[in-house]
Amino acid sequence: MSFLSRIMDVKSKAHFSHGGNGRPAGATGATAFQGHRKRSASQARSRVAVVMACFGLAYCIVGGRLVQYGMTQPESVSSIGPADNLLASRPDIIDRNGEILATDIRTVSLYAEPHKIVDADEALERLQTVLPELDPRATYKKLTSNSRFQWLQRQLTPKQQSRILALGIPGVGFRPEKRRFYPSGSASAHIVGYVNIDNRGIAGMERYIDNQGLADLAAIGMTSDAKMEPVRLSIDLRVQSMLHDVLVNSMQKYEAEAAGGVILDVHTGEVLAMASVPDYDPNNPAESAKDGWLNRMSDGTFEMGSTFKTFTTAMALDSGKVKMTDSFDARYPIRIGGFTIKDFHGKRRVLTVPEIFRYSSNIGTAKMADIVGIPAQQEFLTRLGLLTKMQTELPEVKTPSQPREWKKINSITISFGHGVSTTPLQTAVAASALMNGGKYLPPTFLPRSGEEADAIAQAVVKQSTSDDMRYLMRVNAIEGSGKRALVPGFNVGGKTGTADKVVNGRYVKNGLNFNAFLSAFPIDDPQYVVLTFIDAPKTGEGGGRTAGLNAAPMVGEIIRRSAALLGVKPKFGEDGSALLVSY
Amino acid sequence: MFRTFDIVLICIMTAAATVTYTIKHKAENKLEEVRKLDAEILLEEHTIDLLRADWALLTQPARLNRLVKIYERDLQLAPTESTQLAQPMELPMPTAELPALEGEDGGKIAAKGGAKNTDKIATGSVAR
Numbered sequence: 001m002s003f004l005s006r007i008m009d010v011k012s013k014a015h016f017s018h019g020g021n022g023r024p025a026g027a028t029g030a031t032a033f034q035g036h037r038k039r040s041a042s043q044a045r046s047r048v049a050v051v052m053a054c055f056g057l058a059y060c061i062v063g064g065r066l067v068q069y070g071m072t073q074p075e076s077v078s079s080i081g082p083a084d085n086l087l088a089s090r091p092d093i094i095d096r097n098g099e100i101l102a103t104d105i106r107t108v109s110l111y112a113e114p115h116k117i118v119d120a121d122e123a124l125e126r127l128q129t130v131l132p133e134l135d136p137r138a139t140y141k142k143l144t145s146n147s148r149f150q151w152l153q154r155q156l157t158p159k160q161q162s163r164i165l166a167l168g169i170p171g172v173g174f175r176p177e178k179r180r181f182y183p184s185g186s187a188s189a190h191i192v193g194y195v196n197i198d199n200r201g202i203a204g205m206e207r208y209i210d211n212q213g214l215a216d217l218a219a220i221g222m223t224s225d226a227k228m229e230p231v232r233l234s235i236d237l238r239v240q241s242m243l244h245d246v247l248v249n250s251m252q253k254y255e256a257e258a259a260g261g262v263i264l265d266v267h268t269g270e271v272l273a274m275a276s277v278p279d280y281d282p283n284n285p286a287e288s289a290k291d292g293w294l295n296r297m298s299d300g301t302f303e304m305g306s307t308f309k310t311f312t313t314a315m316a317l318d319s320g321k322v323k324m325t326d327s328f329d330a331r332y333p334i335r336i337g338g339f340t341i342k343d344f345h346g347k348r349r350v351l352t353v354p355e356i357f358r359y360s361s362n363i364g365t366a367k368m369a370d371i372v373g374i375p376a377q378q379e380f381l382t383r384l385g386l387l388t389k390m391q392t393e394l395p396e397v398k399t400p401s402q403p404r405e406w407k408k409i410n411s412i413t414i415s416f417g418h419g420v421s422t423t424p425l426q427t428a429v430a431a432s433a434l435m436n437g438g439k440y441l442p443p444t445f446l447p448r449s450g451e452e453a454d455a456i457a458q459a460v461v462k463q464s465t466s467d468d469m470r471y472l473m474r475v476n477a478i479e480g481s482g483k484r485a486l487v488p489g490f491n492v493g494g495k496t497g498t499a500d501k502v503v504n505g506r507y508v509k510n511g512l513n514f515n516a517f518l519s520a521f522p523i524d525d526p527q528y529v530v531l532t533f534i535d536a537p538k539t540g541e542g543g544g545r546t547a548g549l550n551a552a553p554m555v556g557e558i559i560r561r562s563a564a565l566l567g568v569k570p571k572f573g574e575d576g577s578a579l580l581v582s583y
Numbered sequence: 001m002f003r004t005f006d007i008v009l010i011c012i013m014t015a016a017a018t019v020t021y022t023i024k025h026k027a028e029n030k031l032e033e034v035r036k037l038d039a040e041i042l043l044e045e046h047t048i049d050l051l052r053a054d055w056a057l058l059t060q061p062a063r064l065n066r067l068v069k070i071y072e073r074d075l076q077l078a079p080t081e082s083t084q085l086a087q088p089m090e091l092p093m094p095t096a097e098l099p100a101l102e103g104e105d106g107g108k109i110a111a112k113g114g115a116k117n118t119d120k121i122a123t124g125s126v127a128r
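If you read the sequences in order, they're chains A and B. Going by my numbering, the first residue of the first sequence is number 1, and it counts up by one from there. Going by my numbering, the first residue of the second sequence is number 1, and it counts up by one from there.
Simulated from the structure, these hints should not be mistaken for lab results. Incorrect hints may appear among the rest.
What the hints assert, rightly or not - In the DSS-like style, the derived pairs of lysine-lysine whose C-alpha atoms are separated by at most 25 Å in a straight line are:
id	chain 1	residue 1	chain 2	residue 2
1	A	159	B	36
2	A	501	A	462
3	B	69	A	227
4	A	253	B	69
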């Protein structure tokens with residue numbers, strides 16, 4: 001603008017300078033002979049030309065840019081609308097085979113604008129043809145009220161919506177809403193978790209997804225109508241619902257307080273199925289009983305009892321100080337600090353390592369731990385992840401508890417599973433490290449390939465220790481306490497654990513037990529670790545209530561029903577039992 | 001000359017305006033159509049979502065298990081035991097691949113008098 005005004009200024013000055021005064025003589029120079037008029041005219045013409053050129057250039061640039069913009073591919077952009085909590089969507093959660101575990105369903109809610117209702121009686125009458133459960137008196141009150149907005153019925157089905165639309169009642173409308181729906185109900189409740197009324201994850205993987213950034217996206221309203229990639233879990237819904245079924249039946253059959261189970265892939269650390277009963281219905285979490293909210297598999301710690309002997313034996317063998325052929329004197333109880341360590345199935349003789357494992361000898365196990373020493377025992381259990389908080393996706397993970405100071409008596413009781421409380425899931429994970437050749441893999445609820453697992457695997461025990469442990473587990477299942485877990489063709493190996501429950505800070509003799517069964521199959525080349533526990537059962541197969549009579553049959557049933565689904569082929573004949581003749 | 005030029009320009013202008021308006025109108029119609037289709041697609045998508053949820057609910061293993069139990073008498077389904085599973089390599093050889101059995105008088109092993117050591121018991125496979 002200043003450029004233009006200066007030109008106009010100069011031009012007008014030139015106009016007034018006809019007289020020649022006011023112009024320095026030196027400025028005219030060589031053109032002094034030209035007339036003033038002629039000179040100013042040519043000057044003005046050249047100025048106009050310059051201005052035209054400038055404008056032309058400017059328009060060329062504008063035109064050029066327009067052509068350039070026209071040629072480029074349009075970018076799709078959109079603005080962010082205000083957040084609408086009713087429509088905030090979440091990604092679907094699917095199992096490893098693509099079956100839906102959690103999804104958003106769109107529902108509509110019916111509302112009325114009473115000031116627009118022409119005839120409340122007629123409207124009510126017609127609405128009742130579609131919604132017979134509508135309370136006539138309350139609805140009539142709503143329709144005739146002086147307010148401008150009234151909810152009539154929340155969460156209708158699309159069919160009801162189309163029928164109401166077909167009625168053509170003036171003054172009623174629909175508002176879309178999203179609702180989280182869990183088709184599998186309580187079967188996968190503790191893994192998938194649930195959401196609150198604002199569609200925010202409260203527990204389980206739902207909460208994990210929120211912690212991965214979905215909550216922040218939802219807070220600024222970017223999730224309202226976006227299509228999201230489903231989240232795939234490592235769970236197999238078929239196996240999961242089978243496991244849940246077995247647990248529910250067993251809890252009822254053995255009159256127990258609680259039960260739980262997990263199936264782990266030993267080569268990848270994936271959790272194929274995990275359940276804990278009692279549980280809740282994620283579609284309606286508020287109405288469930290309070291004791292169903294605790295995920296006992298990962299958020300409950302228990303003294304695991306004799307299943308811990310698996311780790312003590314592995315520790316002794318891995319240290320190199322104890323060999324499979326060594327024997328230990330289990331004739332006399334150990335007396336220490338006012339406590340007497342006795343055997344439940346006392347043999348009162350010298351036992352070899354396989355016999356100690358098979359007869360579940362507390363004395364023998366304590367002596368093996370004694371040879372290894374307290375610091376090494378502490379270090380070994382930490383290496384297997386049994387004393388530290390487990391790292392996994394699930395938010396509900398409890399930290400195990402251990403004595404503040406490990407004394408000799410602690411070392412002895414811990415060797416057979418008393419004095420340290422761990423989560424059952426953690427125990428299964430540590431066992432899978434013993435079964436897969438000595439690689440510790442943190443458990444995961446998301447799919448993990450073999451290569452990914454190898455990248456994060458930590459070697460914790462020697463291959464030879466793993467081989468020995470598989471042998472011991474198999475012997476114990478065939479000849480020892482795990483007979484009821486055997487399934488023909490699937491070569492189950494396992495260790496029972498019957499722990500006395502602590503009541504008011506003391507162990508109660510002949511009181512209630514916490515029973516667990518830790519198993520792997522097929523034991524000649526383990527693919528899966530199965531752990532079950534049953535808390536405070538009042539009975540078992542054949543009346544007794546030790547782990548071999550209730551926790552072991554649960555494993556047997558789980559493996560019988562799920563092994564084929566898990567892709568394990570049954571083996572009969574000599575190659576299945578070849579392992580047993582190696583010692 | 002000047003006037004005819006003006007008239008020509010006016011005509012061109014009117015024509016251009018008409019063409020522009022027609023294009024605009026058509027574009028609006030198309031947009032309306034697109035919006036309608038978008039709404040239809042959205043409805044279909046929602047229906048698909050709902051049907052998938054419905055399918056997931058109907059094919060729940062727990063539900064199928066319950067149905068199998070209810071209709072046990074008609075369906076007569078039983079769980080597959082591990083002893084019922086076999087690998088292809090464990091199957092017996094197909095009869096076509098069996099080495100041919102040669103009896104003494106050209107084949108009929110089970111026939112009466114076919115082999116010398118057969119007992120007196122006549123079975124269903126006796127040749128007539």
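So if I understand the rule, the pair passes when the alpha-carbon distance is 25 Å or less; does residue 253(A) with residue 69(B) pass?
OK: residue 253(A) and residue 69(B) at ~18 Å, within 25 Å.
Take a quick look at whether residue 159(A) and residue 36(B) sit within 25 Å of each other, Cα to Cα.
holds, 21 Å
Residue 501(A) and residue 462(A) were given as a pair; does the straight-line alpha-carbon distance stay at or below 25 Å?
violated, 34 Å
Is the Cα-Cα distance between residue 69(B) and residue 227(A) 25 Å or less?
At roughly 39 Å apart (the allowed maximum being 25 Å), residue 227(A) and residue 69(B) break the hint.
Checked against the numbered hints given earlier, the structure breaks hints 2 and 3 and satisfies all the rest.
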